[in-house]
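Asker: Residue-level listing of the chains:
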Amino acid sequence: MSTQIEQETETEESADESVTEPPVESPGDRRRQQKRERASRLDEQRRVEEEVSEDEETVSLKIFRYDPEVEGKEEPRFDDFTVPFHKGMTVLDALIYARDHYDSSLTFRHSCRQAVCGSDALFINGRQRLACKTQIGDLDSGTVRIEPLPHQAVVKDLVVDMEHFYDQMEAVEPYFDADDLPDDELEEQYQSRENREKVKMSTRCIWCGACTSSCNIAAGDNEYLGPAAINKAYRFAMDEREGEQRKQDRLRIVEQEHGVWRCQTQFSCTEVCPKDIPLTEHIQELKREAIKNNLKFW
Amino acid sequence: MAEHYSSFERKGTRWLFQRLTAVFLIGVLAFHFMLLHFVNHAAEITLAGTTARMSQFGYFATMWLFLVTATFHGVNGVYNALINQGLKGTQKQAVKWVLVVASVLLVAQGTRVALAMTNLV
Amino acid sequence: MSQSFNRGTVEDFGRWREFSAGMWAWIFHKFTGWVLVGYLFTHIAVLSTATQGAELYNGTLQGLEALLIVRFLEVGLLAVAVFHILNGLRLLFVDLGVGLESQDKSFYASLVLTGAIVVASIPTFLGGKLV
Amino acid sequence: MYEHDVIVVGAGGAGLRAAIAAHEEGADVALVTKLHPVRSHTGAAEGGINAALREGDDWELHAYDTMKGSDYLGDAPAIDTFAQDAPEEVIQIEHWGMPFSREEDGGVSQRPFGGMSFPRTTYAGAETGHHLLHTMYEQVVKRGIEVYDEWYVTNLAVTDHDDPENRQCHGAVAYEIATGTVEGFWARNGVILATGGLGQAFDHTTNAVANTGDGCAMAYRAGVPMEDMEMIQFHPTTLPSTGVLISEGVRGEGGILYNDEGERFMFEQGYANNDGELASRDVVSRAELTEVNEGRGIEDEYVDLDMRHLGEERILDRLENILHLAEDFEGVDGLDEPMPVKPGQHYAMGGVETDENGETCIDGLYAAGETACVSLHGANRLGGNALPELLVFGARAGHHAAGKDMKTAEIQTGPSARSEPGDVAPPIEPGAVDTGSDDVAADGGERSSSDLRTDGAMVEPKETLEHAVQQERTRVETLLEDDGINHAEVRSNVQQTMTENVNVFREEAGLHQALHDLRQARERYENVAVSDPSRTYNTDLIHTIETRNVLDVAEAITLGALAREEFRGAHWRAEFQQRRDQEWIKHTMLAWNDGDPELYYKPVLLESEHKEYEPKERSY
Ligand SMILES: Cc1cc2nc3c(=O)[nH]c(=O)nc-3n(C[C@H](O)[C@H](O)[C@H](O)COP(=O)(O)OP(=O)(O)OC[C@H]3O[C@@H](n4cnc5c(N)ncnc54)[C@H](O)[C@@H]3O)c2cc1C
Ligand code: HEM
Ligand code: SF4
Ligand code: F3S
Ligand code: FES
Chain V
2 MSTQIEQETE
12 TEESADESVT
22 EPPVESPGDR
32 RRQQKRERAS
42 RLDEQRRVEE
52 EVSEDEETVS
62 LKIFRYDPEV
72 EGKEEPRFDD
82 FTVPFHKGMT
92 VLDALIYARD
102 HYDSSLTFRH
112 SCRQAVCGSD
122 ALFINGRQRL
132 ACKTQIGDLD
142 SGTVRIEPLP
152 HQAVVKDLVV
162 DMEHFYDQME
172 AVEPYFDADD
182 LPDDELEEQY
192 QSRENREKVK
202 MSTRCIWCGA
212 CTSSCNIAAG
222 DNEYLGPAAI
232 NKAYRFAMDE
242 REGEQRKQDR
252 LRIVEQEHGV
262 WRCQTQFSCT
272 EVCPKDIPLT
282 EHIQELKREA
292 IKNNLKFW
Chain C
26 MAEHYSSFER
36 KGTRWLFQRL
46 TAVFLIGVLA
56 FHFMLLHFVN
66 HAAEITLAGT
76 TARMSQFGYF
86 ATMWLFLVTA
96 TFHGVNGVYN
106 ALINQGLKGT
116 QKQAVKWVLV
126 VASVLLVAQG
136 TRVALAMTNL
146 V
Chain U
63 MSQSFNRGTV
73 EDFGRWREFS
83 AGMWAWIFHK
93 FTGWVLVGYL
103 FTHIAVLSTA
113 TQGAELYNGT
123 LQGLEALLIV
133 RFLEVGLLAV
143 AVFHILNGLR
153 LLFVDLGVGL
163 ESQDKSFYAS
173 LVLTGAIVVA
183 SIPTFLGGKL
193 V
Chain F
62 MYEHDVIVVG
72 AGGAGLRAAI
82 AAHEEGADVA
92 LVTKLHPVRS
102 HTGAAEGGIN
112 AALREGDDWE
122 LHAYDTMKGS
132 DYLGDAPAID
142 TFAQDAPEEV
152 IQIEHWGMPF
162 SREEDGGVSQ
172 RPFGGMSFPR
182 TTYAGAETGH
192 HLLHTMYEQV
202 VKRGIEVYDE
212 WYVTNLAVTD
222 HDDPENRQCH
232 GAVAYEIATG
242 TVEGFWARNG
252 VILATGGLGQ
262 AFDHTTNAVA
272 NTGDGCAMAY
282 RAGVPMEDME
292 MIQFHPTTLP
302 STGVLISEGV
312 RGEGGILYND
322 EGERFMFEQG
332 YANNDGELAS
342 RDVVSRAELT
352 EVNEGRGIED
362 EYVDLDMRHL
372 GEERILDRLE
382 NILHLAEDFE
392 GVDGLDEPMP
402 VKPGQHYAMG
412 GVETDENGET
422 CIDGLYAAGE
432 TACVSLHGAN
442 RLGGNALPEL
452 LVFGARAGHH
462 AAGKDMKTAE
472 IQTGPSARSE
482 PGDVAPPIEP
492 GAVDTGSDDV
502 AADGGERSSS
512 DLRTDGAMVE
522 PKETLEHAVQ
532 QERTRVETLL
542 EDDGINHAEV
552 RSNVQQTMTE
562 NVNVFREEAG
572 LHQALHDLRQ
582 ARERYENVAV
592 SDPSRTYNTD
602 LIHTIETRNV
612 LDVAEAITLG
622 ALAREEFRGA
632 HWRAEFQQRR
642 DQEWIKHTML
652 AWNDGDPELY
662 YKPVLLESEH
672 KEYEPKERSY
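These protein sequence lines map, in sequence, to chains V, C, U and F.
For the first sequence, position 231 matches number 232 in the working numbering, and the numbering has no gaps at all.
For the second sequence, position 111 matches number 136 in the working numbering, and the numbering has no gaps at all.
For the third sequence, position 117 matches number 179 in the working numbering, and the numbering has no gaps at all.
For the fourth sequence, position 273 matches number 334 in the working numbering, and the numbering has no gaps at all.
Worth flagging that the hints you see were computed from the coordinates, not collected in a lab.
Just so you know, not all the hints are guaranteed correct.
Said to hold, decoys possible - Keeping only pairs whose Cα atoms sit at most 30 Å apart, straight-line, the calculated BS3-like set for lysine-lysine is:
| hint | chain 1 | residue 1 | chain 2 | residue 2 |
| --- | --- | --- | --- | --- |
| 1 | V | K293 | C | K113 |
| 2 | U | K167 | V | K293 |
| 3 | V | K201 | F | K203 |
| 4 | V | K293 | V | K201 |
| 5 | C | K121 | U | K92 |
| 6 | C | K113 | V | K248 |
| 7 | V | K293 | C | K121 |
| 8 | V | K293 | F | K203 |
| 9 | F | K203 | V | K248 |
| 10 | F | K203 | V | K199 |
If we strip away everything but chain V, and leave its shape as in the complex, we get (with noise of 0.2 Å):
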């Protein structure tokens, strides 16, 4: 696809050239003379940066790259990249800067800055960590190392493919969905301050992904709901508004043969969640509800 549209530019831009001497100045010859004027400029700014970073700081990037189209990146490589290092940077900042001053090709998401939207979860030194809350100075190696998130499959650089992750999220029914609500539409349903606290952490979850991206289990049986979606049902399932019908399917989503058993109580999950959720607890007393929910029964 672009591969061939990258040989199809070479030769237009050489016919070009080739037709256009300059008389009068055509849109293109414009263009070519910024492109000049750029490059020396690019130059200069490589060779001033340079200069800087023999007295200021700078920190240096070993970025994860590959591309199924681009010649050179099919195979996947490690590139690297040199940065000015400021007080307060980021990660995040670090990559911006690198994709924005050397190869405006590196491809990662992010959006919001500030640890809300979940969308740069990466690899970072051996850890799974959102870009934007990962202080540079707070790492102890001096090369920074950021891959994309392992389990998943990489769509491209640091980008991977997030349906799976969603589909998981989307199959233990993560709505509200309470078995009756008040009459009146102005009134609204009451919960106890205890309840909303007990359910406070799971409501955090940003879907960033690195829980299930650290747990080998989700690694190893991509069935499992993975700790992510199991929170979230356990986000639903201890709200107090919802009712106990509405819960028994709950505990009945969790409790399939994917679902909460699987958990090995690793760990890693709770521990990589930029959001801090105890998500091994939530598991375990899931799995506890659920059994004292059969005994019930028995």
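Knowing the structure of chain V, use the given hints to seat chains C, U and F with the ligands on it.
Answerer: Leaving out everything else, chains C, U and F with the ligands in the frame of chain V:
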């Protein structure tokens, strides 16, 4: 997509039994080890001694339960581990039956041996 | 997405250097569990000699015990069993929702305790007459 | 080509609510969004969501506060509708499971907020927006509403009538980010734009990287007027390196602002002798910038916000979240050292002109949320009023688009609602640069030089859509094939000039400078190209297209700012230090129809069927 609750089979039973057998096993395994390595040195075990112990009904029952629970616990553990690695479909069914048959044979053989160790038969 | 690049299952364990306490606990527990089932089957097989009479039974057991290697294997078995028991206890507590915050410490504790118990038992295991 | 009754572009709070509403009406609705819905920036809102719910409060009070807050630039029918619908909408999301903070009795908690005469701000911890967004997305999942996520909408399919009020919108064109395919989305009933903010026009903003004003720019180029674009809210306490918001709560609890000389400048320099740090957002922002401009800023950039004297216990109890933010995003420990802060772009009050039903002057084209301007916030938005706006007007747009019978809107839209022509003399000619043959970015009514609009020649839905799809395919191909400069340079030029010249302080010379710079940026944009040749997840391409939108909205903001010769709400002009009610109770409107944007004014409606508002001095 993870399968929805298509069947109403509750998969928590095995999980619970795994824990319950574990609790039982803690005691028995420790006892077993103490008795046959520390109290009676392993190298000094003879059939006579064994028979003497096994002929006590309480000890016999404990050992037999040890066998059954350990078999369940161990085999179920292996089965779980395989599911955790993503075993599914016919392979899973096959493994399941192999494990079931192996367990039954083990318990049967174990029972035979145990009976042979008593002076009842 | 057919084109996407899957890094395969190798990576699961290729990353062992980055594993955390809970993951090591899982691996060790798995390993020790498998060794124990393996042993259970072997054990019953060995004991089956009892059905063939006292001589064979005694002979086999003592014959085995006479081998130094078997003595070492027994120490290994003890280590495996002790760890499995201690970590199993840890897991039972985790299942009950007790001490989740110190799950890593309890794992290290199981390791250390296993080590201690095994070292302490070596004289008993290796001692005793070989013949 | 995909077909649906209603196409909602954007899946933040406004888009999700609109989709649910259309679905409630039985329409076949689809969400098309460049980010997965839960990644939308609504998730970043912290403070809360206003609605008159309790005994002692009522919607009229809420409406009154909102009008006063708007500095009398809000339209009464919009404000009344908003305040009336808000309670039901807020209770509705409670019924959908929103985890609101609770009172002892289990009812929803409410707290006081700036500019509100009653504690009517409901909230869910310090992450109200996150919960709102997720709760609504969950309801979308429940209803099985189709979501095309990571589909970037690049253009609208609008018929080519000369008069924008005769035009019809038949759908939109989107680019699937993962695969690089360009496809048409045919909307049988209507398209709802809910693409959120435009913070990326500035280089220091609390907005997400994805908030590039796409909806505004697309509607603008399709001929819909932009309303009050100059009205941009700046928040006084954002972290310098990222723009992450440090909630007003810190000052509320007693946090103090210091300059480089250690002065508590809000008092010592006399900016706000009564309220000090707690003066309104615009006052504090201006004070901070004055300090920096006069050389008393720290590192010439920011001031310090110190909360150490509050004591560890109190901080941990009430402001724990802030400690995390400062630590994670600035590397500063708020217990040990003061936190650096500076003003940052926060919210766009202006946007796509709509009426109370979310409809624009183009038939079948709607807008809701931050993209739209009904006008509810006028010259200044009160904290906690944006989230209910998403619900109220998202729902109304959704219902209307799906064909629900609704009251005819009181607000007039489109160029025919003008009261007087505008008089602004930009130093350059705004609008599209003459594009020549290798046009990568055309229109503003004038699709491209080789393909001028011909009045009503293209009206068939399919034809209109096909045409738009074709255009976008060409645009994408050209961008991929061409060789040229990196859009990031252009974007950064735009952001720099906007932050320097169209910030909290606006002077005529600066605004002229900005227009010059924007013109230059436009010229450079003519030569942008995407260096990544791949069709797979090409973010370089997406960002390049976004930069075009950033340019268009930046220019609209600057033109509006130059036109409005007064000081009202968030809009401060060096030359005009007064609110000038005689002349300026009117909206600045920019319509872009035949090559250049045209400025005109539209009266502000201070009267609705319920009541009449009297402009008063805005003092708190
Ligand atoms: C830090 C912060 C704190 C805030 N706190 C509060 C508060 O406490 N109370 C309050 O009332 N308000 C608050 N606000 C304001 C309020 O949150 C926003 O105005 C509101 O969330 C905007 O919602 P939206 O639905 O219009 O847009 P967004 O939530 O930004 O959603 C935009 C959607 O459009 C999509 N999109 C954009 N462009 C395209 C395109 N070209 N093609 C396809 N899809 C596209 C995106 O993917 C996204 O889904 C805050 C804002 C910020 C930034
Ligand atoms: C003596 C006390 C024992 C305790 C407390 C104990 C505890 C446990 C627990 C709690 C598990 C479940 C782990 C999980 O699913 O998360 C487990 C797994 C297992 N146990 Fe035991 N166990 C004991 C003895 C035994 C014995 C005697 C055997 C051998 C027959 C055995 C073999 C296994 C196996 C094979 C597994 C599965 C390991 C895996 O996950 O791959 N255990 N044990
Ligand atoms: S539970 Fe935590 S780690 Fe997992 S997806 Fe949610 S926020 Fe991310
Ligand atoms: S890492 Fe996996 S095994 Fe359980 S505790 Fe977390 S889900
Ligand atoms: S960019 Fe949104 S979570 Fe990091």
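Asker: All the hints need checking, so say for each whether the structure fits it.
Answerer: The hints, checked one at a time:
About 28 Å separates the Cα atoms of V/K293 and C/K113, which keeps this hinted pair within 30 Å; it holds. Distance restraint check for U/K167 and V/K293: the Cα-Cα separation of roughly 29 Å lies within the 30 Å cut-off, and the hinted pair is therefore satisfied. Of the supplied pair hints, the one linking V/K201 and F/K203 holds, its CA atoms being roughly 21 Å apart against a limit of 30 Å. Taking the CA atoms of V/K293 and V/K201, the gap is about 23 Å. The hint holds against a cut of 30 Å.
Taking the CA atoms of C/K121 and U/K92, the gap is near 18 Å; set against the 30 Å cutoff, the hint holds. Between C/K113 and V/K248 the alpha-carbon distance is near 29 Å, which keeps this suggested pair within the 30 Å criterion. Note on V/K293 and C/K121: the hinted pairing holds, with a Cα-Cα distance of about 27 Å set against a maximum of 30 Å. Simply put, V/K293 and F/K203 have alpha-carbon atoms about 28 Å apart, close enough for the 30 Å limit, and the pair holds.
Under the criterion of a C-alpha separation no larger than 30 Å, the hint pairing F/K203 with V/K248 is consistent with the structure, at around 16 Å. Between F/K203 and V/K199, the direct Cα distance comes to roughly 24 Å. Compliance with the 30 Å bound is thereby established for this hinted pair.
The structure shown violates none of the earlier numbered hints.
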